[in-house]
Structure formats: C-alpha cells, structure tokens
Amino acid sequence: MTVEPMAEPRDHFEATIAADQRIEPRDWMPEGYRKTMVRQIAQHAHSEIIGMQPEGNWITRAPSLRRKAILLAKVQDEAGHGLYLYSAAETLGVDRSDLVEKLITGRQKYSSIFNYPTLSFADVGVIGWLVDGAAICNQVPLCRSSYGPYARAMIRICKEESFHQRQGYELLMTMMSGTQAQRDMVQDATNRWWWPSLMMFGPPDEESPNTAQSMAWKIKRHTNDELRQRFVDMTVPQADKLGVTLPDPDLRWNAERGHYDFGAVDWSEFKRVIAGDGPCNAERIAHRRRAHEDGAWVRAAASAHAAKRAERVKEAAR
Amino acid sequence: MTQKDGWPLYEVFVRGKRGLNHVHVGSLHAADDDMAVRHARDLYTRRNEGVSIWVVRSAHITASSPDEKDPFFAPSGDKVYRHPTFYDIPDDVPHM
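As they're listed, the protein sequences go chains P and F.
For the first sequence, the tail end lands on 317 under numbering that gives the first Met the number 0, and the numbers increase by one without skipping.
For the second sequence, the tail end lands on 95 under numbering that gives the first Met the number 0, and the numbers increase by one without skipping.
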C-alpha cells in the first residue's frame with residue numbers, strides 16, 4: 000500500500016507512519032523526529048565504535064590462533080556496524096566529522112555497558128553471550144524502525160550479531176568443559192556482566208519520558224521493560240545449559256505471568272556510569288581520541304595522494 | 000556532501016551474484032575513487048556479499064525531486080491498461 004500525496008507535509012508524514020511505511024531521507028519530517036533519530040543513531044554508532052575496545056584488549060592475548068581470528072573478525076564487525084550507522088546518520092544532514100568530534104569531547108553518549116573492564120578471557124565469551132544477546136534483543140525490533148536508512152542498517156547489523164553471540168556462547172561452553180579454574184572464570188565474568196547487561200535496555204518505563212513519543216513515531220517498537228523481560232526469559236535457560244548461576248537470588252519462574260521474575264536493578268549505578276563515573280569512561284574516550292589523533296597523518300597523506308593523482312589526470316588531459 | 004576534512008561521500012552499489020543487478024547498500028567517505036572501492040569491499044562485503052562493486056560520488060547523483068511522493072510519477076498512475084490484469088480473458092483460454 001502506498002500513501003497518497005497530501006497537501007500538508009505533516010499529514011503525509013503522519014499517514015506514512017500510520018501505514019507502517021518508512022520515512023526516507025528527503026521526506027519532510029518534524030524537527031523532533033529528526034533530532035531524536037540523529038541522537039539515537041549517533042549514540043548507537045558511537046557504542047559500536049567504543050565497543051571495539053573492551054574485547055580489542057584481548058586480541059593479542061587470545062589463547063589460540065582460532066580464537067584470535069574470530070575475535071579480530073568480531074571487532075572488525077563492530078567497526079563496520081559503527082560505519083553503517085554513521086552513514087545512516089549522515090542521511091539526516093549531519094556531518095560525520097562533527098559526530099566523531101562530539102564523541103571524543105564527551106558531548107554525545109554511548110552505551111554504558113562499554114565502561115566496564117574485561118578482566119579475563121572469559122569476559123570475551125560473556126560479552127558475546129550477554130552483551131551481544133541483549134543488543135540483539137534491542138536491535139531486532141529496530142529492523143522495523145520507521146526511518147528507512149536506520150532500519151536497513153539494522154538488518155545488516157542483526158545478521159552479523161548472530162555470529163557474535165554464538166562465538167561467545169561456544170567459547171564459554173569450551174571453558175566450562177575445562178578445568179575448575181576455567182569454570183570459575185566463567186562464573187566470575189557472568190557475575191560481573193549480568194546486571195550491566197540488564198541496564199543496556201535503559202531506565203524503567205516509568206522513568207523513560209521519551210518512550211511514548213518514540214513509540215508513536217515507530218522509532219521504538221517495544222518499551223525498555225518489555226525488552227528487558229524478553230532478554231531475561233531468553234537467557235535463563237541458556238545459563239542453565241551452560242551450568243552457570245545468574246547472580247540474582249530473586250530470579251525465578253512465575254507460572255502465572257509466564258515469565259521469569261527478577262530482582263531490582265541498581266539504577267543509581269546506571270546513572271553514575273552514564274554520568275561519566277564508571278570504571279573505564281575516561282580511558283575509553285582517551286583511547287578513542289588518541290586513535291583519532293594518531294591517525295591524522297594517515298588521513299592527511301591519503302588526501303595529498305588523492306590531490307596529486309587528480310592533478311596528474313588533469314595534466315594528462317591538457 | 001564533502002566532509003570538513005575534505006573526503007567526499009560515495010554511494011556504494013553491490014552485485015550480490017552473477018545475474019543480479021547492483022543494489023545500493025550504503026555510503027562511505029574516501030579520499031578518492033580507488034580508496035572508495037577498497038573501503039566498500041572492507042565495509043560491505045566481509046561475508047562474500049558481492050562479486051562486483053560500484054561506487055559513485057553522492058554529489059554526482061541526480062534524483063527525481065526532494066521527496067518521494069510528488070506528481071512527477073502521476074503520469075503512470077492512471078494507466079491501468081499497462082498491466083496484464085486489466086484485460087478480461089475467459090479462464091478456459093489456455094496459455095494466456
């Protein structure tokens with residue numbers, strides 16, 4: 000079904016959303032919609048880029064060539080995801096170098112999860128299992144987001160995330176069939192990442208003031224609490240199969256609701272980490288800024304090379 | 000659009016396999032055309048998604064109009080007789 004052209008651009012926008020059609024870059028859209036999309040896509044892109052660091056730390060120390068190749072491919076994917084998303088953000092009229100600038104000066108946020116350290120190689124597995132698992136929960140509905148370029152980027156990303164989650168779970172299964180020390184590492188990493196993973200879905204619905212508008216615009220398809228519940232329900236049987244305990248004494252099946260009940264998330268920790276006071280916030284941004292500055296000469300050299308070649312082509316044409 | 004650091008934006012088109020059209024997959028920045036093709040390979044074909052890549056500077060694309068809904072496409076709207084379903088043919092006529 001296509002939406003008939005309407006005299007008022009706002010009517011056309013509303014009708015397009017109502018018909019579950021996608022908004023495309025050159026369509027008229029309310030300023031609030033554009034701003035929300037830019038903020039969400041940029042924040043998502045930044046998360047992918049910063050998300051390379053916690054696991055990137057383990058590439059040189061991976062225990063085998065197989066694990067190293069997998070980890071390298073995964074971190075490369077995170078870079079790719081960041082670039083798909085910056086490219087989607089640019090369709091809304093923002094400049095990519097502005098977004099990078101806003102990230103490294105701390106004016107735009109990224110997911111709080113990447114401010115936690117990776118203390119052992121088991122963390123690589125747990126990040127794939129829990130952090131990428133939570134990301135998939137969040138991202139699958141975004142493949143139907145109302146903004147076309149974002150939805151299309153999410154489709155590509157979701158296809159690739161599945162590898163991320165599976166390699167993590169497989170890594171953990173391997174460790175769980177190893178020594179007691181290895182099993183302890185997996186349990187320790189699970190203990191540290193479980194609660195921050197639940198925080199990835201954002202504040203509870205009653206404290207998420209933008210949710211209603213984002214749902215009306217079909218930018219978001221489910222509330223934070225709905226997605227969090229879905230993640231818990233998915234993950235508990237995976238933890239059982241793996242043989243680890245999720246660090247929540249209140250976690251139990253509720254037959255009446257048909258869902259797992261779980262304990263209260265420490266939202267004061269979430270707020271603290273978002274505000275910049277997590278274990279690794281300063282380190283993550285400093286590292287990203289250093290990488291950007293250290294790469295300046297490469298960008299300058301590439302530009303000079305391109306200019307020289309363009310000049311040669313011009314000369315040859317004379 | 001050219002970024003502040005001077006690297007223009009390119010649109011990327013990938014042919015998934017022989018026999019298919021090139022399809023738009025996204026965009027990227029590069030210093031020149033060669034770099035754009037290499038970056039496109041690294042960014043959009045990490046899992047054998049393509050056998051051929053086209054890149055074109057976004058600034059070189061001419062598009063129909065600022066939005067996707069305007070009367071530009073009206074001329075085809077009322078010509079239902081261009082579709083095979085417009086014609087009533089009895090069901091028992093074979094191979095039609």
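Don't read these hints as lab results, they were simulated from the structure.
Small disclaimer: the values here were computed from a predicted structure and weren't measured.
Heads up, the beta-carbon is just placed ideally off N, CA and C, and yes, glycines get one too.
It is possible that part of the hints are untrue.
[Stated by the list, open to error] Partial pick of chain F residues on the chain P-facing surface, computed with a CB cut under 7 Å:
hint, residue
1, V22
2, G25
3, D31
[Said to hold, decoys possible] Computed far set for chain P versus chain F, every beta-carbon distance over 12 Å:
hint, residue
4, P29
5, T90
6, P148
7, A152
8, Q164
9, R182
10, Q186
11, R229
12, V235
13, H258
14, G262
15, W266
16, G275
17, R283
[What the hints assert, rightly or not] Derived list of chain P stretches under chain F, where covered just means 3 residues or more per stretch with a C-beta under 8 Å from a C-beta of chain F:
hint, stretch
18, 83–89
19, 135–144
20, 190–196
Item to check | Which numbered hints fail | outcome: 1, 5, 6, 7, 19 and 20
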